[in-house]
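There are 2 protein chains.
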Amino acid sequence: MIAARATAFAPASVGNIGVGFDLLGHTLAGLGDHAVVTRVDAPVVRIEAIEGDVDGVALLPLDAAANTAGRALMELRERHGITHGFSLRLRKGIPLGSGLGGSAASCVAALVAANALLDQPLTRAQLYPLALVGEAVASGSLHGDNVAPMLFGGVVLATATQAIPLSAPDLYCAAVHPHFVLETRRARAALGEPYALSQFVRQSEHLALFLTGLARGDRTLIAQGLRDVLVEPRRAPLIPGFAQVQAAALDHGALGASISGAGPTVFGWFDTQAQAHEAALAMQAAFAQVDLPSDMHVSPVNGPRAELVEG
Amino acid sequence: MIAARATAFAPASVGNIGVGFDLLGHTLAGLGDHAVVTRVDAPVVRIEAIEGDVDGVALLPLDAAANTAGRALMELRERHGITHGFSLRLRKGIPLGSGLGGSAASCVAALVAANALLDQPLTRAQLYPLALVGEAVASGSLHGDNVAPMLFGGVVLATATQAIPLSAPDLYCAAVHPHFVLETRRARAALGEPYALSQFVRQSEHLALFLTGLARGDRTLIAQGLRDVLVEPRRAPLIPGFAQVQAAALDHGALGASISGAGPTVFGWFDTQAQAHEAALAMQAAFAQVDLPSDMHVSPVNGPRAELVEG
Chain A
1 MIAARATAFA
11 PASVGNIGVG
21 FDLLGHTLAG
31 LGDHAVVTRV
41 DAPVVRIEAI
51 EGDVDGVALL
61 PLDAAANTAG
71 RALMELRERH
81 GITHGFSLRL
91 RKGIPLGSGL
101 GGSAASCVAA
111 LVAANALLDQ
121 PLTRAQLYPL
131 ALVGEAVASG
141 SLHGDNVAPM
151 LFGGVVLATA
161 TQAIPLSAPD
171 LYCAAVHPHF
181 VLETRRARAA
191 LGEPYALSQF
201 VRQSEHLALF
211 LTGLARGDRT
221 LIAQGLRDVL
231 VEPRRAPLIP
241 GFAQVQAAAL
251 DHGALGASIS
261 GAGPTVFGWF
271 DTQAQAHEAA
281 LAMQAAFAQV
291 DLPSDMHVSP
301 VNGPRAELVE
311 G
Chain B
1 MIAARATAFA
11 PASVGNIGVG
21 FDLLGHTLAG
31 LGDHAVVTRV
41 DAPVVRIEAI
51 EGDVDGVALL
61 PLDAAANTAG
71 RALMELRERH
81 GITHGFSLRL
91 RKGIPLGSGL
101 GGSAASCVAA
111 LVAANALLDQ
121 PLTRAQLYPL
131 ALVGEAVASG
141 SLHGDNVAPM
151 LFGGVVLATA
161 TQAIPLSAPD
171 LYCAAVHPHF
181 VLETRRARAA
191 LGEPYALSQF
201 VRQSEHLALF
211 LTGLARGDRT
221 LIAQGLRDVL
231 VEPRRAPLIP
241 GFAQVQAAAL
251 DHGALGASIS
261 GAGPTVFGWF
271 DTQAQAHEAA
281 LAMQAAFAQV
291 DLPSDMHVSP
301 VNGPRAELVE
311 G
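For the record, the sequence lines run as chains A and B.
What the first sequence shows, in UniProt numbering, is residues 1 to 311, in sequence order.
What the second sequence shows, in UniProt numbering, is residues 1 to 311, in sequence order.
The shape of chain A in the complex, shown without the other chains (with noise of 0.2 Å):
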């Protein structure tokens, strides 16, 4: 028998890694939205509730069609011949405009946990596209990675077509999110003007370097590789103490740091968990430098999938 309620926990992600801008993105741990959704006789989907207790949850829309998980699951029903209709409440613990992948955990979470009621279930591979049409609602384009790592865990090469997870060694991400909004439109006017060709080649060879170091297990060529240069340098003047935050990252033996998916929240990686969390805390007293008050997140890279959880 099909359950008519099912509730699914997505996790908050690191999307871009710096070098693979669109392309590459990873869970963390703890951090995440939760989203409940009930089967219904009405061809429709709704959402009845967007709850939590991060900041501006008043704001978002309530329209399935203009929020990301109603619109995959409107999706879904419209690729897939699905004759009933979802109900959908959204627990928020991502917090909005932070660069951790917000918009995108709750359209996972909505699409596992209805996809839990259908009658005959779909892959996650299917899964896959549906989520990028509902991401696309919150960033007007298709890119995945927020949402592939979501479905699929860990660390994803996130295509318009396909996702492909990638082993990656044990490291650690410390994610330092400072309180301030950075709206992911400004964020990504910033990056309008054209680039040079050699200012592709080097974030080309960083990207090689560091898909390499990963298929390999070896952390030279990973740091080597984890240097944002086209991106980063035009979004770090709209975080206030950009600078010196990476630098105590780097400090505290970071194999590189960047921004997280369209910012604020500045991330790195570390070989240990206690160096992530060491290096946190002096990223967190970086921000305070600059009045601006954080929350840290320390988590494995290899962070995990969105799964169902209790109601």
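Keep in mind that the hints were calculated from the coordinates and are not lab data.
Don't be surprised by glycine CBs; every beta carbon is placed ideally from N, CA and C.
Any given hint could turn out to be false.
What the hints assert, rightly or not - Chain A stretches covered by chain B per the calculated footprint, using a threshold of three residues with CB under 8 Å from any CB of chain B:
# : region
1 : 19-32
2 : 159-169
3 : 197-203
4 : 207-215
Guided by the hints, dock chain B onto chain A, whose structure is given.
Below, chain B alone, put in the same frame as chain A:
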């Protein structure tokens, strides 16, 4: 006892491999340049002669500082405190201006031969920065996508500071060289106009798929990645018949096909040697349609490295 004279052969190469501009290259078996180096007491580098039955050899500079091979040997002397000198003869086998790495091959062959005459020979990794400096005489910039595979063999990721050999499945390359000269400088000038971030993201996606495919020996990923959407569209108009030649390669089963180095040689990667051979004939026929005679080369993608040979 140290020999007084050594001869080395360096193979031709496919620079860029379409999707790794200035970063990726692989060697081709068969075609290549020879360097005969003699150890001399005078603390200088002299070029005695440049020979070979390729067009334009008489125009190549005999001034050591203006020649990729001469310049590399000068750099070898300076960086490593070599007190004796070298006298150099080059025998060109790679057509000039073909996009098959001719200037790089002379440079690498000279280094490998000279290295055998040192009291304390260097490693290939130590020769790499010297080859970069030599190659820069021809191209004006430090990029190792030709010299790196020549020094190490097979497919290599070449950065400004290191050459990283990459594993690749047993694929075959067909390279078809139409008989007209495309000057590297002109081919580079076509790339000057700035680029949009979206082009960069798509090319990065292909690079990531290609590298992941190489690391896993996954031909499907390699085929998905082997598409140059950044450089090829700007250079293709400089090569008469390019679209038809590329189509001929793809019609004959190429995983991908693009421009070798700065062109005008067009290459494709194939599953089998027989396929590569059939495709090469079709590619030649397509060049013949625009009245361009051509020569063809079929080689394992995992081609040889430069080696000492009998004088």
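Evaluated hints:
no. : hint    : verdict
1   : 19-32   : holds (count 5)
2   : 159-169 : holds (count 4)
3   : 197-203 : holds (count 4)
4   : 207-215 : holds (count 6)
This entry satisfies every hint, going by the numbered hints stated previously.
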